[in-house]
Each structure stands twice: as structure tokens, then as C-alpha cells.
Amino acid sequence: MPGTGIDDDGSYPWIPLVSLEKMEQTEYDVLIIGTGAGGGAVLWRLCEQWGANEKRIGVVEAGGLFLPTHALNVPTIGNMGKMFQIYNNTKYVQPVGIQPSGMPGAKKLNAVGGKTLLWAAFAPRMFTPDLEKWPISISEMNGYYNIAEEFMQVNQEYSEGSYFTDIVLKRLRGYGFIEAERIPFATNLQASHDGLLNSTVFFSSINFLAASLNVRSIDIAIKAHAAKVVFNQGKTVGVEVKGPDKKAYFIRAKTVVLSAGAFESPRILLNSGLSGSIGHYLVSHSSVGATGVFDRSQFPEDLGVLSILIPQSRGNPFQLHLIGPGPYSAYQFEVQPLQNNLISSINAYGVVEPKFENRVSLDPNVHDEYGIPKLQIHFNYSERDYAVINQMAQKLMHAAGTAGMRLLPQNDPQKQITLAPPGSDNHQSGTCRMGVDPSQSVTNPYGEVFGVNGLFVADNSVLPTLPAANPTLTTIALAIRTADYMTRRYS
21 MPGTGIDDDG SYPWIPLVSL EKMEQTEYDV LIIGTGAGGG AVLWRLCEQW
71 GANEKRIGVV EAGGLFLPTH ALNVPTIGNM GKMFQIYNNT KYVQPVGIQP
121 SGMPGAKKLN AVGGKTLLWA AFAPRMFTPD LEKWPISISE MNGYYNIAEE
171 FMQVNQEYSE GSYFTDIVLK RLRGYGFIEA ERIPFATNLQ ASHDGLLNST
221 VFFSSINFLA ASLNVRSIDI AIKAHAAKVV FNQGKTVGVE VKGPDKKAYF
271 IRAKTVVLSA GAFESPRILL NSGLSGSIGH YLVSHSSVGA TGVFDRSQFP
321 EDLGVLSILI PQSRGNPFQL HLIGPGPYSA YQFEVQPLQN NLISSINAYG
371 VVEPKFENRV SLDPNVHDEY GIPKLQIHFN YSERDYAVIN QMAQKLMHAA
421 GTAGMRLLPQ NDPQKQITLA PPGSDNHQSG TCRMGVDPSQ SVTNPYGEVF
471 GVNGLFVADN SVLPTLPAAN PTLTTIALAI RTADYMTRRY S
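Heads up: the sequence shown begins at 21 in the working numbering, then just goes up one per residue.
FYI, nobody ran anything at the bench for these hints, they're computed from the structure.
All figures in this text were calculated on a predicted structure; none of them were measured in a lab.
Only pairs whose alpha carbons sit at most 30 Å apart, straight line, appear in this in silico DSSO-like list of lysine-lysine:
{"id": "1", "residue 1": "Lys111", "residue 2": "Lys243"}
{"id": "2", "residue 1": "Lys248", "residue 2": "Lys375"}
{"id": "3", "residue 1": "Lys42", "residue 2": "Lys255"}
{"id": "4", "residue 1": "Lys415", "residue 2": "Lys375"}
{"id": "5", "residue 1": "Lys248", "residue 2": "Lys135"}
{"id": "6", "residue 1": "Lys255", "residue 2": "Lys267"}
Let the hints inform the model, and build the full structure from the sequences given.
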């Protein structure tokens, strides 16, 4: 509906958008592909550092306007159970690549904000001894963790005062799990005051977009599928993008940042004619889980939530989470029913060995609706991976028993613990990993692709290894670091 700000489907665009036709007429200093955790972080940091200067920043996103905030901030969704119903609905979230796949559990959400709209908001730091093997100093990494945590409002106060957590923590710490702690959540728990509305409790990349738009104007196009990056004599000159009408647009850019995720970023690079280690060293957490019950009579009337992390430690290359009760670890308007048994979940996420043969590749004979070759995912667990899976299953049973949690049979009455299909964790990483050796890495330690001036990657794919923690906080910290490098270089 021209002139009204209302789209043809009757919806109001809650973020300013431009057309690909307009973007094609502009040369951008920086063009960011993707609006998830990495892309949002790069955008925010560039805007913070550059302010309202003359630099031109563009963003293209393959998805559309799905949710204007994290799902748990939406009153009509309002609990973890309903959020995961959305996540499991193939109308919104689809499997990745050609099926059957080496990672049958992997899914994609094409939307402004990406999968941060539906993530659990767990935001721990990675295991320090593993980070010591990365091409970044620990002191610098900690500095960028601090910046990321401040913006994301990471804290352990979410479960403060919850007797459910307090009592189970005491049990675990008293019997062998001294490292157990409250889960650090990316949640803004500050009260609204003096007209300042703190309404977005759970963090999503939409927060980055909002903060960026508060500083300067940005050209953002949606339903715009990046097909390939275009180079001239080793220098990035732009990106070919397919619009909703399947028409190809060429958007000129001096610098391009790929933040499309561990599947789409290597897909774009491979379709651009690059090779080497691109797409290789694909990793994702192995995952085992169980459902169990706590006896309600063991806890006081004022229950609260269960929110416990048992982090990775030496000799234990995995971490465990205890979450409950049921879908009410986060909820809004619903009345939580009184239950004699408190249904809760316990899950473990294990480190997977990076292997060259675990990879994504393009199938030249199968194309998507935009004419872009589809991905084929090649992935298998190694013997070492299965050893970690067995070890964490045993530790999960031990932790559940120590916590006072009685495990319930799963689909198989003889089994209480299930191994999730590969990719179910949605922590895929490594396919454009950073390093100092171009023969074994895709980018340098700042995320710039070897051999191509002005082409960066800022998403999970740059992680050289994947320790047991959720990678979102780490990816955001690295993306902020990449943006700082770009700021110094282009100022």
C-alpha cells in the first residue's frame, strides 16, 4: 500500500527496509550478508565505532520479517514449550541441504534475526584450555567477551531466589559436582523506569539492529539471497543477490562480511569459485538427553525454576544442563499448575573432533529455486566422538541421580537416555575456520578470507574448534573483534 508504510499483506514493517533495486544503485563501504548473531554484532559495532559518518553500510537477509523480538518476549508465545513448537514446525524452520543428510537434525530459519529469535539464550564462555589453542590471546578474548556480555546482558541472576535451583545445586556440589553453577542467560532483568522500557528480556540479534538504527541509517533488504561474491584481481567488488522475483542484482561493495551461518557462508564462498578448506572441518555438538521427575514434596511451596549448568572441565569434554519444571522455565501469562512430580530435562553436549572429511559441498546437479547449487552434508562421528558420547551419558545418569531426579523411559521403554541426531544442537561450526595456516584454515585470525582482500566471515563457521558451550556468545565476541579490525583498517 504505497505511502502508508503498510505492506501488501497488511503487516507493518517494524524495521526500515529498502529494495534491491535501490541497493543496486549504491556502492557500500561494508555489505553484511545475514542478520543473525554474527551479522548483527558486526553491524552494531561498526555503527558504534563510526557513528553517523559518511560510511555506507548495507545489509541483505535471505529471510523475511518473522518476529520483531525473541519468541519468549512475545506474550502470546510466552513459554519454552510453545517456542520449541515453533522451532519444530517445518512451515518456519526447514532441514538443511539435500536429504537424506549427514546431519539430519540440522535446521535453518531464514528470518531477520536468524535463529537468535528461537535460541535458549544460554550464554556461557568457552572452556579456557581449549581457547588457548586458538590464534587469539586469552586476554584479548576475555576483553571481547566482556563487551559482548555487557550488550547481551548476560547474567546468572535469572534463577536467583529459586529454591528449585538452590536445593539441586547444593546436592550436586555436595556430591562430586563442585563446578555446578547457575546457567548464564542473555536476559535483561532491569526494571523499566523514567520512560525507559526494558521489554526485551531475552536477547536476540534484533537488539543489535535496533541499537544500530539508533545511530545511523542503514540500507536493509529482506528476502534477498546472496548467490556469490564477485572479485576483481583478488579484491572484493560486490555480491550477486537473487531477489524474491528470482532476478539477479549486483550490489557493489568495497568490503563484504558473510554472516549467513556455518552452512550458507561456505555455500556462498564455494559458489563464488573459492575452494581450499572452505566447507571442511564441519563440527557440531553431540548431544544426549533425558527427561526425569523430582518429587515435589522435597521442595518448598515457593518453587521457582531449575536452571543449572555443569560446565566442561579437564577430562570431561562436555557440559550438562538441568532445566525445569516442564515448559515453565520461562513463561508469561499462563498459570503454572500444581504438580506432585516436577518434570524436568537434563541434557549433555559433547565436543566433536574436527575432521577434514566432515564437510559441506555443492551438488552441481541439484539447485534451489534461485538457481544456486544445493548443499550436501557429509558427516560421521569418529571413534573418539563415540567415546565422548558414552562418557557423557554415564555422567548424565550420575548427575541425575545426585540431583534427586528419577529418569523416565523415552521412546524405547528400555532406554532412559537418547542420542540426538547429528546437528540437533544447531551449533554447527568450523566450515570457514580461522587460523594462521591457509592450507588448513579459511580466514586469518580476524576473519578475513585468505587471498581475497575485503572479504570477511563473522559467524559460527570461523570457530577453529567447538568446545562444549553454546557458541553464540563466542561468535558475537569474535564478530565484534572483526568489526574493530575493520574500523582500524578502513579509518
